[in-house]
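Undergrad: Sequence:
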Amino acid sequence: MEKIIELKNISKAFDGETVLDNMSLDIYDNEFITLLGPSGCGKTTTLRIVGGFEHPDQGDVIFMGERINDVPPHKRHVNTVFQKYALFPHLNVFENVAFGLRQRKVPKNEIKEKVDNMLKMVMLSGFADRSVTSLSGGQQQRVAIARALVNEPKVLLLDEPLGALDLKLRKDMQQELKKIQKNTGITFIFVTHDQEEALSMSDTIVVMSEGKIQQIGTPSDIYNEPVNAFVADFIGESNIIDGVMLSDYRVRFGGHTFECLDTGFAPNEPVDVVVRPEDVDIVAPEKGMLCGNVTSVTFMGVHNEAIVDIGGFKWMIQTTDHVEENAYIGITLEPDAIHIMKKSKYSGMFGDYSSYSNELEELSNPGGEDEE
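Mapping of the sequence shown onto my numbering: residues 8 to 379, in sequence order.
Worth flagging that the hints you see were computed from the coordinates, not collected in a lab.
Hints may be right or wrong, so weigh each one.
Unchecked claim - Each computed EDC-like pair below joins lysine to aspartate or glutamate, with the alpha-carbon atoms no more than 20 Å apart:
| no. | residue 1 | residue 2 |
| --- | --- | --- |
| 1 | K321 | D249 |
| 2 | K349 | D359 |
| 3 | K186 | D36 |
| 4 | K161 | D67 |
| 5 | K219 | D28 |
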């Protein structure tokens, strides 16, 4: 694939506080790439630097081989869809989409053809004469996407564009955006703090924390092979346990020695062990590799979510089996359920479910995203 954007050693600070710290990233043609991370990690600033709305303090932005640091936003082959859509309330749907074409003095018949095609692509044929203020949030978002795409940019930037939608519409639009990206072949750079959104839509995910890239990979790479405790915790639920790599394929944690699939660690090297909640099998205590007490059970629809105290460490286990609160259970782990990571600055910060509850999770992440 052809490289379309290169960010080289980008640094950016606001009021003396570093937001991007010597960041480098390559973005390819026809790629759906998602910048993922918590509020304040620098993902929105990265997007704004690509769009020309912010200038890096250090480093270069290369677009198709040319340095564009000083090129203003309107002269870049890049369009942006913001969370608040920024539609023109005094113009109807057709004129909102046609706005950029009219600015460029495109002939009338060509404008009509392009706008009609774009409205068809976003499933708004027949809405051309409607006032944008009469549309639902999802329809307004489609208008914003059509307006951005009608100018045929090389790159479309999407800054939390689904944040204002309700859950069902959000999921529908995730599929729509992926389909639109495939149909147009335009590179999409998408910003979100929603892990599920990133996993379901992206070709490539860039996980960010504290102005640095933690990991770049496909959704399955990021989920199944996280490089450190931050990534493992941020992408889905994870039990992250202190362990010791005894030798290749053998790790000890929780007082038991397990077979695993990992190699390349020093003998007796301290490591972080990741076990996803869905990869734990519940068995009778006498058959368990580890045993513990169930402290809570939450019915989640498809599965039960149990918190289990094993030697003072609270595990999360997702199971379709019936499990009772206060029961004493055993667990077993297959070698491919165990993933070994190097110790990092994030070790010990994540992975124990002592204080976990769905309510706490929602309170700590109410869905809004601060400007970065």
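Undergrad: The structure should be examined with respect to each hint, and the outcome stated for every one.
TA: Right, here's what the structure says about each hint:
no.	hint	in the structure
1	K321 x D249	13 Å, holds
2	K349 x D359	18 Å, holds
3	K186 x D36	16 Å, holds
4	K161 x D67	19 Å, holds
5	K219 x D28	6 Å, holds
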